[in-house]
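Generate coordinates for the entire structure from the input sequences, incorporating the hints supplied.
There are 4 protein chains.
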Amino acid sequence: MDKLSFAIKSLGRSIYHSPLGDIDFVKDEERVLFDVLWGKIKDQLHSDELITLERAGPRERLYFDSARTVAGIATCGGLSPGLNNVISSLVMQLSHQYKVADIIGIRYGYRGLHIDQKINPLRLTPAVVEDIHNSGGSILGSSRGYSDPVKIVDALQQYGINVFFAIGGDGTVRGAIEVVEEIERRGLDIAVINIPKTIDNDIPFITKTFGFETSFAEAVEAIRCAHVEAKGAPNGIGIVKLMGRESGFIAAQASLAQKDVNYVLVPEIDFDLEGPYGLFQNLEQRLKRRGHALIVVAEGAGQKFFRDEQAIYDASGNKKLCDIGGYLKQKMEEYFESKHIDVSVKYIDPSYIIRSVPANPSDAVYCGFLAENAVHAAMAGKTRLIIGKWNSMFIHLPMDIITVGRKKIDPKDALWRSVKLSTGQPF
Amino acid sequence: MDKLSFAIKSLGRSIYHSPLGDIDFVKDEERVLFDVLWGKIKDQLHSDELITLERAGPRERLYFDSARTVAGIATCGGLSPGLNNVISSLVMQLSHQYKVADIIGIRYGYRGLHIDQKINPLRLTPAVVEDIHNSGGSILGSSRGYSDPVKIVDALQQYGINVFFAIGGDGTVRGAIEVVEEIERRGLDIAVINIPKTIDNDIPFITKTFGFETSFAEAVEAIRCAHVEAKGAPNGIGIVKLMGRESGFIAAQASLAQKDVNYVLVPEIDFDLEGPYGLFQNLEQRLKRRGHALIVVAEGAGQKFFRDEQAIYDASGNKKLCDIGGYLKQKMEEYFESKHIDVSVKYIDPSYIIRSVPANPSDAVYCGFLAENAVHAAMAGKTRLIIGKWNSMFIHLPMDIITVGRKKIDPKDALWRSVKLSTGQPF
Amino acid sequence: MDKLSFAIKSLGRSIYHSPLGDIDFVKDEERVLFDVLWGKIKDQLHSDELITLERAGPRERLYFDSARTVAGIATCGGLSPGLNNVISSLVMQLSHQYKVADIIGIRYGYRGLHIDQKINPLRLTPAVVEDIHNSGGSILGSSRGYSDPVKIVDALQQYGINVFFAIGGDGTVRGAIEVVEEIERRGLDIAVINIPKTIDNDIPFITKTFGFETSFAEAVEAIRCAHVEAKGAPNGIGIVKLMGRESGFIAAQASLAQKDVNYVLVPEIDFDLEGPYGLFQNLEQRLKRRGHALIVVAEGAGQKFFRDEQAIYDASGNKKLCDIGGYLKQKMEEYFESKHIDVSVKYIDPSYIIRSVPANPSDAVYCGFLAENAVHAAMAGKTRLIIGKWNSMFIHLPMDIITVGRKKIDPKDALWRSVKLSTGQPF
Amino acid sequence: MDKLSFAIKSLGRSIYHSPLGDIDFVKDEERVLFDVLWGKIKDQLHSDELITLERAGPRERLYFDSARTVAGIATCGGLSPGLNNVISSLVMQLSHQYKVADIIGIRYGYRGLHIDQKINPLRLTPAVVEDIHNSGGSILGSSRGYSDPVKIVDALQQYGINVFFAIGGDGTVRGAIEVVEEIERRGLDIAVINIPKTIDNDIPFITKTFGFETSFAEAVEAIRCAHVEAKGAPNGIGIVKLMGRESGFIAAQASLAQKDVNYVLVPEIDFDLEGPYGLFQNLEQRLKRRGHALIVVAEGAGQKFFRDEQAIYDASGNKKLCDIGGYLKQKMEEYFESKHIDVSVKYIDPSYIIRSVPANPSDAVYCGFLAENAVHAAMAGKTRLIIGKWNSMFIHLPMDIITVGRKKIDPKDALWRSVKLSTGQPF
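Residue numbers (the working numbering), protein chains in the order written: chain A, 1 to 427; chain B, 1 to 427; chain C, 1 to 427; chain D, 1 to 427.
It cannot be assumed that every hint is accurate.
Each computed PhoX-like pair below joins lysine-lysine, with the alpha-carbon atoms no more than 20 Å apart [claimed, not checked]: (1) B/288 to B/339; (2) B/407 to B/208; (3) A/420 to D/99; (4) B/40 to C/42; (5) A/288 to B/118; (6) B/208 to C/208; (7) B/288 to A/118.
Listed below are several chain A residues computed to face chain D (Cβ distance under 10 Å; list not exhaustive) [unchecked claim]: (8) 30; (9) 122; (10) 309; (11) 360; (12) 369; (13) 421; (14) 424; (15) 427.
If you're looking for bench data, these hints aren't it; they were derived computationally from the structure.
Ideal Cβ placement from N, Cα and C applies to all residues, glycine included.
Structure follows, in structure tokens:
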């Protein structure tokens, strides 16, 4: 991607005074460096390829007139801790700071914008959202699929929505881009802002997605239990499958937090099961030495073992992953049976528990800032953008970055080095 | 069972002075009424069939000489919260109160008493057990099977063990009875005491087994998450499978603690899936009315649906249950597909997480008292007994009560009435 | 108290059919034995002084006609975990089981029944109470004092209340007795039922008050922190003050659950600070040996040290206790300074945190049963009664038992013996 | 401070090969930009005042020969979550990665390096530290004061320590600078590295100190309880005092995470109690409107009210703060009494509980990286440095930055704006 792709779209000239009063407003010219190593910056200066990102924050002039603005909010895709915090903060910010009186909660994601689905929206007010941050999930509900841009824009028009906040991941952004294009086609004045949600923390240019800290903290509890189970039986082996379709950040971080893990298997690092450098022989050695072992595996790891399986896709268009946890359990039981070694394998899949807990305090605060900046951007008439955080600054990203690919663990980087130090694993 | 079966076996006459000093000792003649309703007692008086249980507690005279006593401790079967607390309290009580210096931790249950398994025991001291109550599982490990009484008594003799504490459930007690009989055959002076462990809380004559409170408290967390998942999707259905092979106490109590559950399915209450009074039609009505539903199912519920399956048994001799949770999910998806109703079913099986957490404070205290009374009984030369609690009193039960059957939920009782009130379910 | 005092008052003859349908109703003649030791019962039989308690539960005939019944609920005195669970279960039981449509939540305890205080009541419905069990405190609020029986009965009449549930402790029951007498004076048909609330668990004839388990579990967290603080400094001493005005059950149980405590000081056990058998010399020895110490003190312990202080009373008529925790800290610092021993004393008072957490699952279930039985009793026209649990059975107690005194720790009993075993303390 | 002050001292030329093998080593020339806004950087380029920080990470050449290196570790000052994680990770990194066999744990901070205090050190190995991350506090203990550089360097020499890790805050760094100077005076080859510990998160050039996230998460629990207490009484007011001597970050973040707080009082923002713009009149209005209020106050807030008090200093040389929480409670009770308004003020000081909990998973991971980078720096012969993190990169800071002052909340910044939005407070 060249640096120009980082320009942010705007609906038009901002003419209304911000109601936020005497604060330090942020100017569109304020841009955040992508790199922070001075050596790289110097090179970029010379080659004229400096990458900078538009800084988020309150603008002095707004595109929308608060008094006549209608906001829409939807949560799409799988659950993630923090959805209610984002909803709550959007409503508080819109209502108290920008005096937007009309806020419409769309139920069950984009599906709630398909009028033929007959799903009534929910009017959102500060009173409605007062306590929702104490619960996991989303009071609006969520769902996959249903991203017909024509129907969605029909609904946005019917509800009179001017600023639309779509909280969701990849699929949601892909849908939002089509919605923006349909809006442009119709020449409408609707801003579309994404607050990125992916429990896997794999969005490029975004240091950390909301819900990630809560998720790996919750994963630690499952790991602790699997460790107890592993130690509780002769040759006990605990397997914990965690989220991580293409990036193993949850698995890696959770293993660093609870240092009892012996093997972390992630999509980014290739590994074999059989053979002299495979998992099983190493595991056999460890069992001989210590009598138990603990394995954490990201759901997207080892998908090469399922090459012959027919690919299936979910409603968001994501390829359904084969169950690497169950596969590991079965293959390892076969391996040790063939070696006449008695093992006791306990397999835990805590995914639904992890993703449905309330946000922890760090995530709660983070969700608040994401929401506040999303509202600033929307009211200033910016559109087709994702709210992010980079180098400790909140930023605007064009939705198109979603096509760049995923943020992944670099096997040569400090994170993976620490994982290997902590686990002692060979790969 | 007639009342005589409640007599407790003793190795012989107690002649040593208890080292516990100036306290209120309990006499063997102190007996606890089984029934507490005066009407029933009156009837029993007349029919001469009054049921009473021997009261547990410190005896003034001991059978074993503390200075020459060697204690053995083993944890058998599946994990349950509180095992470490029981171990820790046994060691503290033996060591500090009774001055027993030699305490041998048998590893991996009865298996550690099969010398041919080459599993070294662990010397237990107050320093070793000081912090173990903070961790789940058992520092001794556990396992199923390996209950050859000849080998076990060989090992008890080889280690010089006089008082042997077997912490475990049904299978453990059945094994212990054979061990006692082998001890008698050889004319040995070894007391065998069971501290009953069953997460299902289904032992008759015992109000509550240790770990039960922690378990259903932990189950509540899984239910809370399933509720979030159910509400998070259109026609979302959460299924949580909980422990409960023949008795649904965990499922029932957890559902009463977290009142969001709509259906509790337990082994004691028959139910159908199809038909006008079956689960599915009722569920369909509820989805129409509320848009989501939450089901808690005990693992032993609905086993009638698997009548045609081949029975498989685990190493403890328990019949392996078929997975009612997965079955429900599949059948219900088929049902709703046939009705062209879109549903989103999330199935959570938190069993390994539940059973491996540390005991909560209530259970911790309870484990302590069970252990203290087990030591009192053993030092007084009692054997073939289970430590229990009934009508707020700690008691001695003969191991033979294990043959009486299980404690079960009475569908006409207050517990089930409350469940039905709370869920609104028809069965 | 003689056994006659355990008779329960009734408003009159019950004539209405219970709407509970085909269940096992409880008859008034069913009585629960107070003692369960057969030896004691035998003696009582001979002396004709057998103590029995009326069994709680659903009655087949009701005094009140559900269709025309108005219920009132108030929570009085200090906060305790479980208040919202009791409120919620009362409402569910009244509404769903007994079809009582009119339920009035009185705000801020008896104060809300003083019309001149201008506190509007809250209409309670199943929808209002649906989620309140997830929060600590009481949605009705609470307060002390304001127990003018004339004003209270005026308000009951004005609101048309027939069955009044007063959730509270000693002071609340004393107030309720006066209210009942004023009701009798006016010849009204109002049942008054108390659900006993005392975090101290010191009510006689009641095995365990609601909120107690949650409280001592929460106290364990504070103890754990104080232990960390004590070990973190040279000669570190942690002091944790817990609830317990006249009975040290929370202090004792919490210390048994978290075995790091070295001294438990409770109102029932006398102790000195100075002198050869006093706390300080023993503490000094321990510091020499181990370098740190952990003390748990019930708020009512050691009040003899404040004999010269002027007594102050709170609005409930309870004598304000002097701060034994602060006193211990100051005196101990003086003592060690005089001995030229550097110590680091950290004093933690977690009372407000303990009492305001939500009920844990055990307490949640218990609150539900207390509430259900309270409704059964009220609808049957019983009055002037306290709902209790004794020997695993729910029972009715006359309010007058409140005058009998407190349930206290018996220094010769198993509980205190365990505390001494666990702490190693001399007193 | 000019940019030159950010140069890092080195003991000499690094000649040994790193044992870390084939990884991406970091070069000393790699420098991290202090500012990330391109506008600021441009200005700095022109004025030749660009501020950059040395990047932390593994160096290819080491100053110390692993085989002959002795490491020392001490934890100084007050407790903070994460100390045990840092200790554990230092030991793992030194031992497993750098093969340093000799690691000495100094007990009770600098005091343990005063030989006349007769405090034996603790030998640290991977086995010793295996489980310590599960406990709060520091297994080494901590203390204030005792920073005589001559005695400390005597001990470092006596123990043969080459690399010394001092975990602590301001006072610790001030002491470490004197130690470094004494080392230089004697011409010794000892590297001194600080891992900064301040629960207040107020160190400049460091985005977040370890333990901070855990602390404000724990503070949230106390706030939740105070909220329950405030709502539980008529005109209930909850006051929670949190850490924050000169910076109110914990108070601000905790209030953003749990949005029930109505007033956040921090050292950076001046406020009055009396008068038309003071806290009390605003509070009175709020009580009229809502019936309860919740106040969070940082310990360093409002110290102007104690101007007449005699200043007292602790052993670390920190001025003892006067108790603003107790002062607020007293003054506010006087105020409302003078207005004949009944209020119920509950004051909670959870500081000892907050600082002694184990690190949460986020902090645990962060502690690990800090420790790893500290070891990299020490082995490369760098000294007089603090390990920090800035703009998502781990960096080296000279100890002298401690003199620059504190990181503080900027009243015009997004953090405080969010606090005001969330609380609605006027100042």
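Violated hints, by number in ascending order, as checked against the structure: Violated: hints 9, 10 and 15.
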